[in-house]
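> Sequence:
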Amino acid sequence: MEHGHAAHTEHGDHDSHGDHDSHGEEGEHADPHHGEGAKPTDGEEHHDKQKGHEKEAEEATEQVAAIADSPGEASEGDETEGAEEEDGDDEDDEDDEEEAPAYLAGTWYDLGRAGGLRLQISYYIDSLTICMFAMVTLIATCIHFYASGYMHDEEAEEVTDSEVPMGDGFLKRPGRYHRFFQSLSLFCFSMLGLVLAGNIALVFVFWELVGICSYFLIGFYVERHSASTAANKAFITNRVGDFGMIIGLMALWSGLGTFSFADTEVDGHMQPGIFSQVRDDHGKLVVPDGMVKFAAHDEMQALMYELGPDATAEQRDAAVAAALPQWRESKGFLGLPYGYWMLMIAGAGVFCGCVGKSAQFPLHVWLPDAMEGPTPVSALVHSATMVAAGVYLVGRFFPVFTPEVLLLIASSGCITLFLGATIAIVATDIKRVLAYSTISQLGYMMLSLGLGGWLPGMMHLITHAFFKSLLFMCSGSVIHAVHTNEMPEMGGLRKKMPITAYTMLIGCLAIAGAGVPFLVGFSGYYSKDKILEQAFSFMKTNGGLGVVFFAAAAGGAAITAFYMFRLWYMTFAGKPRNQERYDHAHESPTSMYMPLVVISVFAVGVAWSMFEAVLVGTVGVVATLILALYMRATGKLANTGHEHEHDHSHSHADHDHGHGHDDHGHGDDHGHGHGGGLSLTPSGMLLTMGIGFAMVLVMSLVANKVTLEGMLEHARPVPVTHVAAGEAIPAAAYSQGELTELTWPDESLSHDFYRVVVPATILAFSTALGGILLSTLMYGLGWLNPGEVRRQFGGVYKLLLNKWWFDELYEWVFIKPTKVVSQWFAWIDRTIFDGIIHWLAAAVKKFSVFWERLADRTVVDGFIDGLAGLTKRTGASLRGVQTGSLRQYVMFLVLGAVVVFLIVSFFWNPGLSQIN
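If you read the sequence shown in the working numbering, its first letter stands for residue 1, the second for the next number, and so on.
A hint or two may mislead.
DSS-like mimics (lysine-lysine), calculated; alpha carbons at most 25 Å apart, straight line [to be verified]:
| id | residue 1 | residue 2 |
| --- | --- | --- |
| 1 | Lys233 | Lys846 |
| 2 | Lys233 | Lys845 |
| 3 | Lys233 | Lys293 |
| 4 | Lys495 | Lys575 |
Derived DEER-like restraints, expressed as beta-carbon distance ranges [unchecked claim]:
| id | residue 1 | residue 2 | range |
| --- | --- | --- | --- |
| 5 | Gly782 | Val758 | 30 to 38 Å |
| 6 | Ala114 | Trp804 | 44 to 52 Å |
| 7 | Met304 | Phe753 | 57 to 65 Å |
| 8 | Glu158 | Gln182 | 39 to 47 Å |
| 9 | Leu324 | Gln182 | 36 to 44 Å |
| 10 | Val821 | Phe243 | 16 to 24 Å |
What the hints contain is simulated information worked out from the structure, not anything from laboratory work.
A virtual CB, placed ideally from N, CA and C, is assigned to each residue, including glycine.
With the hints as constraints, model all of the structure from the sequences given.
Structure, rendered in structure tokens:
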């Protein structure tokens, strides 16, 4: 087992031309993955096969606790020598020192070897792993509780699916409650395995498990044509991306000879991992020796020929090592340094898999159709598992990406961000609005990562998971109540569903990035503003294309705020647009609304510091208590509870709360799980809200100064160059590629308060506020007529309503040509190949008949029949001799004896008897 340890680092200036991220830090025992990270010390032990697992598990637990509780420090155990930490103040610019990140890597089980490839179940744990693990498990737990109420009707022995008409009514099928939770649990297990995996091969195994689980869950209502089609679409689209990923993995294996992230022990010596080979001791991107040798194949062959067959292995290795620097300076394909193109292929291939999994342009078309699955599945797919896997892998593989690949990531993210946001403006299906919102937010993350903003991208991944899971569960609660996905048939539900309405409002504020500038805000405020800061820094450095990236990010923020509050106003504000649905609406049961309350707390404050958590948490609890007491004093609280009880009983009396939706409901079937009536008392509201805020407070107090930003900062894969106020920015703070003239600014440059933070924050606040105000004017107050806007921009509205015609474009460009080609090949198969096969079959048949007549009937059967006839005739002739007369038999004996005597008399030679 390998243990990472923290190392003291010092800054230095280094030339950055020609590599991805150049930084001026030198580290003792530097881990190239983390820039200044940790390699195992000589005193660390690596466990053997199936030995010491219990002891290692204890050590691993202690190490993980050390990573979580004390960023930058690894625990010291009996078998692990932690590197000595030099005490340094993070705010001390004179020492200019920072603590290095720690990681824990090792092997759970050796599966065996296949040639030079070692198959292992390994793990790699750092602060990013811990954050992801905590996020996935917390959200998955809440969704499981939520699903227990939502899927209640699936517990029945027989379920009626009103979405599948039959000749005698609707489809009746057995309930699938256990199958649903089986697939949901396997889904979460696969994501957790992906996060913990210590090598890219194991990542790919769990990657495919995530894909197949999503196929099962999206197609849960398999009898519905729309659901089965959506599952197939998601599965096939992801396989397109995975094909590119396999190419990237093969490039990594061919050039690096390993799939492991960290350095591993092989036969008593350390084998460098992926991150160690692509980054030098200062965090600079370098082309690995293996890729240089692969590109210099012809030169190596010539060198081996010069050495001759008598050269020893040591002489060959020495000659290659001596020639390696010269090969590294040589130019090959497209004028690139030897091996650079292979590193680009490896990074682009891995990103292709992420494009499919995270629904990035041009493979984004599958995600909206995935809404055919049950709402708990949508909540999990869009937050903590499926789509999060792609962004996580980009963040994990960040050290491998060249600037050219980063430009590809940023471009794809920029386009995806804009497409998803614009389509969400006109969507009317509440779940599809959230689906396109997910596509847009994933584009935000990829844009940040592509522009060099690793921390903002990963931070937005965590914050988005909380508020997007909250939004989807709230939408499921609404669908559960009104039996339709169409927002135009809703309205005014705030009075009937107060908990759902206000928790969804929290989600809308979080995704819009609402907050008080420079003070405090919802979780999205912190991550979204940091993305805009990185985009602003990139724009200041490059201009041109950087302006496009920043404009897309800022415009996307405004559009996000607009369509999310459009969703809230159309659903919960105003007057009911369908009185029948409104009359029978009701708040969801406890098993469904309690997870909303818990997740809403994290949607608000998951990115807070301890001070912010204590301050806002205290104010929130006190304000909730005051509000509850006020409502009770004014009688509103009692009326709300009475109204709910009346509506609840009325809905049961007048409506069938089975599985079916009415004609307008095209969402998933769901169980209602109606328990007792909802009782809104001051103590109940205080308890539900207080528990959530208390969780934040307790976690913040226990973690001391550990925050989401601090944890992710600790796991940063490449170091940053710290520039003090007033100092000139060193060249190491910038990096460039080989095929692009763009310059990637160091992520630390986006922290410049006056030149970057202030203008980016003000612009972010302005865009979010503008989007909210415009939505309020159109859908909240009704001062602007959305119908008139649609008429004025009919062409744009039609374009967005048809999702930029991407489905139709793919239909004409890929599907129809594929069908034409397949039909052509089918014609060739039927007319040519089948004709040849049929002719051969006929020829063989005729030859068989001929051969059967010639050989079998004439020769074989003739011989057998003749022999049988001869035997029969011989037997018949001999039968006449068998008369049964004793005299005749005595005569034959006498004649036989005479014949024998005559033979002996005439032919016997007396000399034969004398031969010895």
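> Run through the hints listed earlier and report the numbers of any the structure violates, in increasing order.
Checked against the structure, the hints that fail are numbers 1, 2, 3, 8 and 9, while the rest are satisfied.
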